[in-house]
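Asks: The lines below spell out each chain.
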Amino acid sequence: MTAEDVTAQPATAQPVTAQPVTARPATAPAGPVEPLVQLTNICKYFLGVTALEDINFPVYPGEVMCLLGDNGAGKSTLIKILSGVHQQDKGTYWFDGQARRFTSPREAKACGIATVYQDLSMIPLMSISRNFWLGSEPTRGVGPLRFFDGPTARRVAREELARIGIRIRDADQLVGTLSGGERQCVAIARAKYFGAKLLILDEPTSALGVREARGVLRYVRQARDEGLGVVLITHNVNHAYPVGDRFTVLGHGHSLGTFTKDEVSREDVLELMAGGEDLADVGADDGADDGADAGVDAGAGAGGELADE
Amino acid sequence: MASVSPPAPPRPGRHPDAMDRIRPLGPLQRLLRRPDLGAVLGVLVSWGLFALVGGSSFSTADGAASYLADAAGLGILAATVALLMIAGQFDLSVGSMIGAAGMLLAILVVEFGVPAWLAVIVALLFGAGYGALNGWLVVRTKLPSFIVTLAGLFVLRGLTIALTRLITGRTQVGGVDDVDGGSLVNTLFAARIGPFSASVLWWLAITAVCAVVLSQTTFGNWLAATGGNEDAARNSGVPINRVKIVTFMLTGLAAALVGVIQVVEAGSADTLRGQMKEFEAVIAVVIGGTLLTGGYGSVIGAALGALTFGIVRQGIFFTGADTDWFQVVLGVFLMVAVLVNSWLRTRALKAR
Chain A
1 MTAEDVTAQP ATAQPVTAQP VTARPATAPA GPVEPLVQLT NICKYFLGVT
51 ALEDINFPVY PGEVMCLLGD NGAGKSTLIK ILSGVHQQDK GTYWFDGQAR
101 RFTSPREAKA CGIATVYQDL SMIPLMSISR NFWLGSEPTR GVGPLRFFDG
151 PTARRVAREE LARIGIRIRD ADQLVGTLSG GERQCVAIAR AKYFGAKLLI
201 LDEPTSALGV REARGVLRYV RQARDEGLGV VLITHNVNHA YPVGDRFTVL
251 GHGHSLGTFT KDEVSREDVL ELMAGGEDLA DVGADDGADD GADAGVDAGA
301 GAGGELADE
Chain B
1001 MASVSPPAPP RPGRHPDAMD RIRPLGPLQR LLRRPDLGAV LGVLVSWGLF
1051 ALVGGSSFST ADGAASYLAD AAGLGILAAT VALLMIAGQF DLSVGSMIGA
1101 AGMLLAILVV EFGVPAWLAV IVALLFGAGY GALNGWLVVR TKLPSFIVTL
1151 AGLFVLRGLT IALTRLITGR TQVGGVDDVD GGSLVNTLFA ARIGPFSASV
1201 LWWLAITAVC AVVLSQTTFG NWLAATGGNE DAARNSGVPI NRVKIVTFML
1251 TGLAAALVGV IQVVEAGSAD TLRGQMKEFE AVIAVVIGGT LLTGGYGSVI
1301 GAALGALTFG IVRQGIFFTG ADTDWFQVVL GVFLMVAVLV NSWLRTRALK
1351 AR
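Line by line, the protein sequences give chains A and B. Going by this note's numbering, the first sequence opens with residue 1, and the numbers climb by one from there. Going by this note's numbering, the second sequence opens with residue 1001, and the numbers climb by one from there.
The shape of chain A in the complex, shown without the other chains (with noise of 0.2 Å):
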């Protein structure tokens, strides 16, 4: 059975509880400028299962969208689609103005999209500079004596992890000896480097203690400052609110609204996760804040520290 027959008959098992929420998009930002990404009615279905139904965000240019929900919510899968590991099975995907079907995360990654796995980007037993260029890897000579041109490597990975605030001995210095949040920053700075426009990163801080998350965070907004179109991908909305422009939460395969940051606060977003069920008051609920912000604010950790920078 392929995806196409599930699709004829869509999932009328799936209670459709979070639609008036769906329906209310976010507002477009004022002035001229165009979505990176934009999703239409994006849906995928797994034998019989539906893994996401009617998906529709924005991806803008300099904007860190937030993609948020409890585990299963199918976060993976969407990112999945916007990498061209999976394809939509309904609905558009439109990239840089034109509607796109990625076959596979090469076709992607050339079209200037760069996903960030949480461990699954950086090989440890090989050095920083040839992971750095690994699959670009810059030569020089001519025919079969074209050699990989490590001086040009070495130096360039080492500028570039400069410019992040990341000082390395030498960039011979196997990755492996790179902490967690390092290796997520090398592969960030990989992925800028090489031309992305829209950035990927797939729970760049779970595995991540306090002070590296704050570190990775932090590059992030130097990322999106710098013009690119991110997407974060992360249950933790203590860091996701103080790095986020507009956050997409998923519940069940279902987008349960996408918001922009000055139509929730951290507190919604948190029960729109936990919950669902309370969609209708979430926009209205704006002095709710007060009691609940001291609560949320003891236990935010990194990105606390960086809101309050």
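If a hint is listed, it holds; no wrong ones were tucked in.
A few chain A residues that face chain B, going by a derived Cβ cut-off under 8 Å, partial list only:
| # | residue |
| --- | --- |
| 1 | P105 |
| 2 | Y117 |
| 3 | S121 |
| 4 | I123 |
| 5 | P124 |
| 6 | F148 |
Heads up, incomplete: computed chain B residues facing chain A, CB under 7 Å, no partners named:
| # | residue |
| --- | --- |
| 7 | T1217 |
| 8 | T1218 |
| 9 | N1221 |
| 10 | A1225 |
| 11 | G1295 |
| 12 | Y1296 |
Residues of chain B clear of chain A, computed beta-carbon distances all greater than 12 Å:
| # | residue |
| --- | --- |
| 13 | I1107 |
| 14 | L1133 |
| 15 | S1183 |
| 16 | S1268 |
| 17 | L1334 |
The set of hints was computed from the structure by calculation and includes no laboratory data. Think of the CB as a built atom: it goes at the ideal place given N, C-alpha and C, for glycine as much as any other residue.
Add chain B to chain A, keeping to what the hints say.
Replies: Okay, now just chain B, sitting in the frame of chain A:
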């Protein structure tokens, strides 16, 4: 810009504290980062040992020629097997390929009167082609290459014995050296320079090429990446399937070359040639500091591992002790090498 919160000004010069720790790296730590350090120690220890107890002839040129010749055949294999293991794959069919390619050469020349040079080319192409088949099977079935090539070990050996008996009625074919026009082939594969055999030169040349490929080319980078983390390599755009197939072709080609050298040197082929070579090659590579799990290793180390092998095997012979003890020493060597190398690797990852 459309962002809701104003972008914070960048703050150069202020880094997270956790990313700012650098300790000086001593020369000892630098040395310990080399994967082939263990193999250097292996060569020094084994050579020193047999120079002491192996009698006076061990340390002569003739002694050297004997362990170099022993090491050469294994070393040719080990250089390519090291590349393959760094890519995270095994090839257990190389031993059977030595017998198969050698027998193919002998039958073509002796039974069918094919010119020796042409038969050599056919045998080498057969090795590379079979390697491509191995690689294709591994890539398509997604089975561990250990299993695929273990099956190949038996299939290839069985075919060699069965077909040879079918064609010649025997399991050995002699008279390869009697054919006309074999002089070029003889010079290439069996010439002697003083006491040293041509295979030593092949060994050195192939080791040099493989070492350069591993450390100085894009393909070498892809090899280590494929073995180090297949998913990450694929995500980075490395054509991992092509990398695997090409590397299997190299081990097949190297095994066929060893088979050709043996047949040309001996003037005859035996269906049982190359038995256990697949394991000896793995041992030489592992002694050389290459990880069994792939992603990390050294071609120079594999050459030193093969040299250690030759020194121990011939050294025991020079001491006059029963050569039955060779396998005992070999097993102990393997254990010690793996222990030393895993310790060295832990140090390498600590050496920031």
